[in-house]
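Student: Following the hints, put chain B in place on chain A, whose structure we already have.
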Amino acid sequence: EPEVTQTPSHQVTQMGQEVILRCVPISNHLYFYWYRQILGQKVEFLVSFYNNEISEKSEIFDDQFSVERPDGSNFTLKIRSTKLEDSAMYFCASSNRANTEAFFGQGTRLTVV
Amino acid sequence: RKEVEQDPGPFNVPEGATVAFNCTYSNSASQSFFWYRQDCRKEPKLLMSVYSSGNEDGRFTAQLNRASQYISLLIRDSKLSDSATYLCVVNKNAGNMLTFGGGTRLMVKP
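Going line by line, the protein sequences match chains A and B.
First residue of the first sequence? That's 3 in our numbering, and the numbers climb one at a time after it.
First residue of the second sequence? That's -19 in our numbering, and the numbers climb one at a time after it.
If you're looking for bench data, these hints aren't it; they were derived computationally from the structure.
Treat the hints with care, as some may be off.
Here are the computed lysine to aspartate or glutamate pairs in the EDC-like style, where the Cα-Cα straight-line distance is at most 16 Å [stated by the list, open to error]:
id, chain 1, residue 1, chain 2, residue 2
1, B, Lys72, A, Glu58
2, B, Lys72, A, Glu46
3, A, Lys44, B, Asp19
4, A, Lys85, A, Asp64
5, A, Lys85, A, Asp65
6, A, Lys44, A, Glu87
7, A, Lys44, B, Asp(-13)
8, A, Lys44, B, Glu(-17)
9, A, Lys80, A, Glu55
10, A, Lys44, A, Asp88
11, B, Lys25, A, Glu3
12, B, Lys25, A, Glu103
13, B, Lys25, A, Glu5
14, A, Lys44, B, Glu(-15)
15, B, Lys22, A, Glu5
16, B, Lys(-18), A, Glu46
17, B, Lys22, A, Glu46
18, B, Lys22, B, Asp62
19, B, Lys25, B, Glu(-17)
20, B, Lys89, B, Asp62
If we strip away everything but chain A, and leave its shape as in the complex, we get (with noise of 0.2 Å):
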C-alpha cells in the first residue's frame, strides 16, 4: 500500500538553528500538506502546496517557515531559525485531489533545546 514517508523520525536541534524536514508523498498525489502537534494538543494546519505553489498557509506559518519541492519527489519544510515553541511533531500528508481526505507520513519529532 502506497505510503508517505519522512525523515528523520525525531531530530533535536538547538534553538536558532535552521532545520529542514523531509517527506516523500504518495507518488500519484498532486496536493501536499504540513500539519503539526504539539504534545497533548490537537492537529494544526500549517500550509499546503500544489502546482508547486503555497495554496493555503496557516497564522502558525510565518515567515520562518518555507516549503519546497526540489525535484519530483521530495517536499520539505524548512524552519529558518527555531525556537522551542517549536517543539512538536510534524506530519507530512498528500492527497489526490482537493476537498478530500488526505493520508498522513508517521511524523518528524522535532524537539528544540
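Tutor: Same frame as chain A, but now just chain B:
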C-alpha cells in the same frame, strides 16, 4: 466557539460494547467530513469519510447532520484494538485545509 469540538473522554468501555462519539463544527460552509484515528504518538489514520446519507464500514457507522452541524461515529462490538483517540476532521471550504478536533480517547478493556 471552537471550530471542531469533541468530548475529550476518556470513554472506558468493555469489549463487545457499543460506543458513540459526537462532534460539532462551527462553519456551516464546511464541505467534507472525516473520522481519523490516532494511536499514541503516531500519525492520524483515516478511518472513514462521512457522507450526508450516513455510511457504514463494518462495525463503524458515521452520520452527518448538516442542519445541526453535528457528526457522529458509532462503534459496535468494540475490540481491544479499537483503543485509540478518534479525531473528527472537517474541510471547511473548497480549499484543502483540514481542521481537526481535539479528539476523543477510547479505552476498550477486557
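Student: In ascending order, which of the hints set out earlier in this document are inconsistent with the structure?
Tutor: Those not satisfied come down to hint 19.
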